[in-house]
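Participant: The chain contents come next:
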Amino acid sequence: MWDIIPVDISGRHRIKGGYYMVCAAAALTVSADHIEKVKQIKILPLWLKRSPSLLDIVQLVEDTADQLSFEGTIVAEKGDMYNKPLWMPESMFSRAFKYQESIAERRAIELVHHISLSARNLLINELQIEA
Amino acid sequence: MKISAEQKSGNENRVILVKRTIPNSDPEREESLFQELRELAKAAGYHPLGELTQTRFPDSRYQLGRGKIEELAELVRSTGAEKVIFYNKLSTTQLFNISEICGCQIIDKFQLILEIFAKRATTHRSKLQVELARLRYEVPRARAIVSLLKKEERAGFMGLGDYEDSYELDLKKRIARIESELESAEKDDESLRVFRHRKGFSLISLAGYTNAGKSTLFNAIVNESVEVKDMLFTTLVPMTRALDLGGRKALLTDTVGFIEDLPHWLVDAFKSTLDEIFLSDLILLVVDVSERPDLILQKLSTSHDTLWDRIQGVPVITVLNKTDILDESELETIMEQIGYMAPNPVFVSAKEGEGMTALKAEIIRHLPAWSFCSLSLPNSEKGMSILSWLYEEGIVHRVEYGKRIMVDYEARKEIISKAQALMNAEEN
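Chains W and H, in that order, give the protein sequences. Numbering of the first sequence is given in the numbering used here, commencing with residue 162 and proceeding in unit increments. Numbering of the second sequence is given in the numbering used here, commencing with residue 825 and proceeding in unit increments.
Check each hint, because a few of them may be wrong.
To be verified - Derived BS3-like pairs (lysine-lysine); straight-line CA-CA distance at most 25 Å:
no., chain 1, residue 1, chain 2, residue 2
1, H, K913, W, K239
2, H, K1073, H, K943
3, H, K913, W, K245
4, H, K943, H, K913
Quick caveat, the hints were computed from the structure, so don't treat them as lab data.
If we strip away everything but chain W, and leave its shape as in the complex, we get:
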C-alpha cells in the first residue's frame, strides 16, 4: 500500500477576464491496481489575469495539498505540468512529486479530475462568473 495525493486542475482555458482554475487534491491509499482508501479531499480555486506559468501551477498544487493533513507523494498528469520532463516540476515542489504511472494512480487522477471539474462548474454557477 502506498500513500499518494493525486491532483488535478480544471479551468486552464481563458474565460472573460482571465483564468478561473480549481485544483482538487485527495489523500488516498492505493495498491498497484486499486484505490484502497479515500481519506480526505480538498479543493482550492484561483483567479489569474494572465495565463498560468508552471510556477503558478506548482504553487496552486502545493497550496491545495498543504490543506490535507497527510504525507504522500503528489501525483499529477504530465499535461497539467505543460508536459515538462519530470525533473523540472520535481525540482520545484517541496515534497515528493511524480507523474501518474500505475492503474491505481491513473484511476486516482480520474477521481480528482471529476471533483475539480464539478467543483469549478458549481463555483462558476454560484458566483455567477461569466465563462
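Go by the hints and put chain H onto chain W.
Facilitator: Structure of chain H alone, referenced to chain W:
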C-alpha cells in the same frame, strides 16, 4: 555519428537510424529508446548501416537542425542507404523536406511499426486492421501530400478538379468500408465470448510489452508450440487454447504486445484484437524481470496506460518472467523498486517451466467465483443424464449412488440454478 562495419556489405534494406532527443533528458532512457528503434528495424528486416542523433528541440521544417540533415544526406550518400528511419514522429512537410535533401525514402517509427504489422499480418482480419491503421495514419496527411506533390505539377495532375478533396474522400470511403467489415467481425467475437462464457469457460489473456515472453509463457502453460522469437511483434494474430485449472475450464489467449507511444489510431485499428485482452475475466501482465528496473517500470507504465481505462474491474496478475537469469536477492531488490506497479506478482521462468504451479494457483484465486452446492438427483436415466451434464459444466467433488444420487458440486451460479431447475422438473 556512427557507421557500422556492415556499411560496405551490400545488404538489401540498408537504413540509417535517426533520433532527436530533448535537452536534459535521461541519457540511459534515450539509449534504451534508441535500442528499441534498432530492434524494430531488425524486426522489419532492415540492416542499419549508420546512426545519427541530435539533442535539440524540434525544428518545424526538418525535425533536426538543417546542418544535421545535410550531415545525414552525406551519410546516406556514403553508405548507400536506401531508407532513413526517424524515431520521432514526422509531419508531412518534414518528410517531404528531408527526403528532398537526402534523396531517399524517409519514414518514422510509426510507419516502421506499420511495415512490421503488414509483414506479419497473415489472416484476412489482421490484413484489414493493418490497412485501416495505414489509412488512418494517412488521412490527416492526405491534403498536404497532394499539395506537396502537385507543387511543381501543371494542370492535368490526376485530372481536373479538387485533388486534395478527392484523395481525402477516397481514403475516408475506404476507412468506412474496412470499419464496417471489422465491426461485423467484432460482433462475431462478442457472440463467441458469450458462447464461451455460457459453456463455463473463463477467459484469460496474456498482455504485456512486446518481447516480454508472452508466447513462451503461453507455450509453457498450455503445452503449445506457437512461434517464439527474440524479436518485437512476433505475435500479431491472437491464438487461443484451452487450459484445465484443476477442473475449471479456461481459455488462454496470446496476443499482440504493447509499445511506448503507441498512437491511438493504431490502438483503434487493432481494437478487435485488443478486445481479447480488455474483455477477458483475468489478465496476465507479463514482464521481463531480467531488464534494468527503470526499463521494467517504463514498460509497466506503458502497459498500465494501455489497460487502465479499458479493463474496468478485471483483475490483473503481474507475471514476472525470466527469473532464471536472476538470483533471489536481485529479485527482492527489483520487487522493492517495481512493487507499486505490479499487482498480484508471481515469479516464473517460462523457458525453464518454473513457477507454473504458483501461477495456476494465483489464476484460480482470481477467476470469477464459483458456488458450491449439494444436489440430490433421482437414480434414473434422466438423473444420470443430468449428472453427465454436471460433469461437463463444472467440478463434481463427490458422487454417492444409492436410492438417489448425491452430488457435491462446484460451478457458476447460473449452472447451479439450472441444475436445480432440472432436478425440480424431473421430480414434479
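Participant: All the hints need checking, so say for each whether the structure fits it.
Facilitator: Now for the hints, and whether the structure bears them out:
1. H:K913 / W:K239: 19 Å, holds
2. H:K1073 / H:K943: Since the Cα atoms of H:K1073 and H:K943 sit roughly 34 Å apart, the hinted pair is violated (cutoff 25 Å).
3. H:K913 / W:K245: 18 Å, holds
4. H:K943 / H:K913: The hint holds at about 21 Å.
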